[in-house]
Amino acid sequence: MSWQAIVQGLVLIAMLAVAVPPLGKYMAAVYGVRADGSAPGDRFFGPVERFIYRLCRIDHKREQRWNVYALSLVAFSVMSVLFLYALLRLQGSLFFNPTDRQSVSPMGSFNAAISFVTNTNWQWFSGEAAISHLSQMIGFTVQNFVSAAAGMAVVVGLIRGITRKRSRTIGNFWVDLTRTVVRILLPLALVFTVVLISQGAVQNLHGNTTATTIDKTTQVTTQAIPGGPFASQEAIKELGTNGGGPYNANSAHPFENPNPVTNILEIFSLLLIPLSLVSMFGRLVGDRRQARILLAVMVGILMVFTVFTMLAEQNGNPKLTTAGVDQSISTTQSGGNMEGKELRFGAAGCGLFAAPTTGTSTGAVNCMHDSFTPLGGMAPMMHMMLGEISPGGVGVGLVGVLIMALLAVFIAGLMVGRTPEYLGKKIQAAEMKLVAIYILAMPFAMKPFAAASAVLKSANTYQSGPHGLSEILYNFASTANNNGSAFAYQGTGTQWYTTTQGLSMLMGRFLTIIPALAIGGALVRKPKVPATVGTMPTHTALFGFLVAGVAIIVAGLTFFPALALGPILEHFSL
Amino acid sequence: MTATLQQTPEPRAPKVRTKAPGSKSIFDPAIVKTASVDSLKKLNPRTMMRNPVMFIVEVGSVLTTYLFIRDLSDATSKQNWFAGLVAAWLWFTVLFANFAEAMAEGRGKAQAAALRKTRADTIATIKMPDGTTTQKASSALQVDDLCIVIAGEIIPGDGEVVEGIATVDESAITGESAPVIRESGGDRSAVTGGTRVLSDRIVVRITAKPGETFLDRMIALVEGANRQKTPNEIALSILLAGLTILFLLAVTTLQPFAIYSGAPQSIIVLIALLVCLIPTTIGGLLSAIGIAGMDRLVQRNVLAMSGRAVEAAGDCTTLLLDKTGTITYGSRQASEFIPVTGVSASDLAEGALVSSLADETPEGRSIVELGLHDFGLTIVEDANAVLVPFTAQTRMSGMDMSSGRQVRKGAADSVRRFVEAEGGSFPLEVLPVVERVSKDGATPLVVIDRSTPAAPWRVLGVIRLKDTVKAGMRERFDQMRAMGIRTIMITGDNPLTAAAIADEAGVDGFLAEATPEDKMALIKREQAGGNLVAMTGDGTNDAPALAQADVGVAMNTGTQAAKEAGNMVDLDSNPTKLIEIVEVGKQLLITRGSLTTFSIANDVAKYFAIIPAMFSGVLPVLNRLNVMKLDSPRSAILSAVIFNALIIIILVPLALRGVKFRAEAASLVLRRNLLVYRVGGIIAPFIGIKLIDLLVTVTGVVK
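Protein sequences, first through last, are from chains A and B.
Mapped onto numbering that gives the first Met the number 0, the consecutive letters of the first sequence carry residue numbers 0 to 573.
Mapped onto numbering that gives the first Met the number 0, the consecutive letters of the second sequence carry residue numbers 0 to 702.
Keep in mind that a hint or two might mislead.
[As the list claims (entries may be wrong)] As a list, the in silico DSS-like pairs of lysine-lysine whose alpha-carbon atoms are at most 25 Å apart:
#1 108/B / 32/B
#2 438/B / 465/B
#3 523/B / 164/A
#4 108/B / 40/B
#5 432/A / 689/B
#6 108/B / 135/B
#7 628/B / 689/B
#8 32/B / 135/B
#9 527/A / 523/B
Hint data in this document are derived by calculation from the structure and do not stem from the laboratory.
Start from the sequences, fold in the hints, and give me the full structure.
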């Protein structure tokens, strides 16, 4: 790896180390860690929130049980899907459409609406060629905020289930949603948008700008360059771990990600909130050691995948080496497997982006994942198959790692001779049932669809052989984990894929969120068992290894056979 | 009167554990034989359905057997050998799991059969209200019938002695051959049907209907007839079912991927893969572990009314232990004579001895013993001496000699009141001595005398009566603390005495001057703080607390009310048993957790055996995953299946005996068990499968 790549990694770590603890502390205050319920900026945010509560007739003092909380979330999501669907279907006849984008097809709208509401941001279409400015602004960008906020509300509800004892309610979904958007996402997105604009990201309401190309050797002499209100969308795209950019090339496009500085900033911002939520968790449960070990698990897995992907891509393709192609690092080239990569970022800079974007369920990409080497491509795929826990999407990532912690506590907890307990709450049949549903949800949202796609003639597109299987596996892993990145050579705009991937996204989102809230609801009723030396400690390195081990072994056992026939076979065949 | 001396009673020797009646070692040949037959009987699908993991294996066995038979005529002999062997080993997998369960049940069943023999029908003599008697079969008894039982007869049913006192042989129930005394009133009135009266005559009021007696319940319990899954077992079953569904999904979706890759698999291979992946090891042993755990309690002569209680015992964070009988021997022993100024120690000793000559309590005898031993005193016979017994009014006892000399001993405050009321003076120097003795956890008694009834009372000094803490208790409590369990001593003593004993015994807290209400309040307070409380009790006034506690162990000698209220009964009536019960509870959970970990960890190696075997024919590059260098695809798959079956039978002894339990902090226990069962679980099958593969290859049955 080049020294530049290593420096980039170190800078990223330093930035996160500085920013995560204070943001975690701030968010803990937003979600009510202070006894008096106050939070920084009350004087400014308070009136805004109260205005929203009045407007939407929200009784912000009234708390909800888990089922009402979950129902509110589901109702909100259903309304959002319907709104987004209608918007896409009608965009051709609506305003703010300078490039005259047509209305989107029914199944295409169905898929896109689900995709943005579930925080997946899977795009079967090219944003700049299919979506109007209005749809981007009040459709996708708004969902980027609220789908992220909904995910954060879920984890806050679950944490309240852990911290409260012998209670019934886990908070008010509408309040958590509002406070998340107003106090966390909007301020951060505002700052980040300005930074991106300063670096050259576009922010306008123009249509296409026609440019005359410099290269006169080709037939093409003019090029239509689409503009739009995109820096603002780019900011929340990363911060909310959404990943759906306005351009098809996503963060590989210079208008979204102009230079290596913004590249690092984008990686930073997609990791910022997921990691800060863990720090917040430590403050909410009143034991920051608990957060530290979960953070270590997340970051540990993330680093392994990051380094692995960077190395795999930097080492390049052995077939090209045999063919006499120079893939080494030199002063004139960054080296490595450069197919589908931006020269601005290089092979390593691409690996540095690929691992965080698949570990956070963001799905933004700064290069073509489909062009990775077999092992380089298997890494982001496996990273998603772990269930998005390193560190996972905003909110839902921490939920995922907490579920893994519950599972680890259960298996290992028995081994110390007590009914397993996590943070003082006993983990019993009711919780295990929900944990089992949670763990089954993602594989069920992925594998049946992927298996059907592999054998159905109507489903197959373009590729065959092990790489074709890898594409199917990657894309369904992406939708089932609400990631949104793609092995994008496979054409997924067909009836089959828009439908199955829409369903896969729905299952991946709600069959995990609802059991997670139900676990919160089950735990909130329980008393808190005081910790003694007879309690299995959950803040030690050993426990960290257990959580990581459980996640890896469950995912490994579930996906190993499929991976063997996809990327592993492809790698061995090189 | 002649004062006779008796030997100071020896401190009660630690009870020798007697095995429950009819108990046998785990691998008794008779049990193995019955279990082998039972494991075949358990193949009944309706029985198997209760265990979803093993039911899937049985379905797989049926399917592979069918495929084997179907293809018998048209396949090559090698293929047939392979299919037949896979089918056979899948059946063995099911049978081994059934065998484990049958073995666990075996000992209980043998024991139940032995107990049934004692339940023979007897003829009861009923005392009618008009005083006449009639005869009635014991099976026709009704609650509140009054039965007369005389020496040599068997008590016809559970009840309470309302009249008389008798020695009873309870060995049928407890295995303890020494007879026990049962008498009307008080806390030793409960008798159990099926036990034999050895002497005297008692009248028993029947308290349980025939068929619902203690013996009936005991038979049902040891037999496991109404065994219900315990909460943790249910939670674990859910996890195992979840994993099974996950692997079912992985295997069923593998076929489409295989077809896509041009390497479709035979059903037999897919079934073999599925069976190897689903958690058959723990799934096959789970119920055996639970049954064996209950059985371990029975071997310790404890009857748990539910498995839930056994698990709760493992979870306990607070133990309430009665001081007397549990922590201390209960009989206080004289350890020192502390004279007042002007009185020699031997004068005090002589006075103490005389005052206690007629005192038959253990305390009294220990005072005499101390005087004779340490002060070389002899007993002067005085035929006309008058015994002054202890009364609640005077709270003193003593002796009036024929010479006119009077000696008394009693609690400091009552003696002081008495002396001052009689016009004597009570030296103030006694008070700090009394206080010091109390503070040490001992009981002070003050001795006074006067040479004639006209003379003023003279205070001689103080006797220190020491309550002796049982040997080894401190270590036990240290172990408990290491496991994160707090011990709280319950005593009727004053706070000073209680504090001293608590300190000496090393308990974590104490409740002094405890009333049943205080005890109840303490339990509720602990539970409100999230603690699980275990306690023992025997008296009727313990019943509410026994019912409130998460684990209430009633002593078999206790009253019927106490036995009804608790969720365990200790047949040995040994309050220290509570500590062992906690250990059994923990061991049960540890065994389950460890074998679950082992079972899941095993899957890694099985993948590396089976996946390359499945695909290396069509996709030879995948043979690079064959890290074990197994001989051929067929031998690899067969070896994995054989290992999967054999590991169940190999682990049966561990499941029945339980993972060794050590009293240590949770973090240490976890580290060791993880090392053994997680790391061992990953490594062991690599070795095992490789060895089996070598054997299978040598025999040459599959190639």
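Comparing the hints with the structure gives:
1. With a C-alpha separation of about 13 Å, the suggested pair residue 108/B and residue 32/B falls inside the 25 Å cut-off, and the hint holds.
2. A distance of roughly 11 Å separates the Cα atoms of residue 438/B and residue 465/B; the hinted pair therefore holds under the 25 Å criterion.
3. For a cut-off of 25 Å, the pair hint linking residue 523/B to residue 164/A stands: about 17 Å separates their Cα positions.
4. For the given pair, residue 108/B sits about 16 Å from residue 40/B by alpha-carbon distance, which is consistent with the 25 Å threshold.
5. Pair hint residue 432/A plus residue 689/B does not hold up; C-alpha atoms about 37 Å apart against a cutoff of 25 Å.
6. Under the criterion of a C-alpha separation no larger than 25 Å, the hint pairing residue 108/B with residue 135/B is inconsistent with the structure, at around 30 Å.
7. The hinted pair formed by residue 628/B and residue 689/B meets the criterion: a straight-line CA distance of about 8 Å does not exceed 25 Å.
8. Straight-line distance between C-alpha atoms of residue 32/B and residue 135/B comes to about 41 Å, which puts the hinted pair past the 25 Å bound.
9. A distance of roughly 15 Å separates the Cα atoms of residue 527/A and residue 523/B; the hinted pair therefore holds under the 25 Å criterion.
Hints 5, 6, 8 from the list above are not met by this structure, while the remaining hints are.
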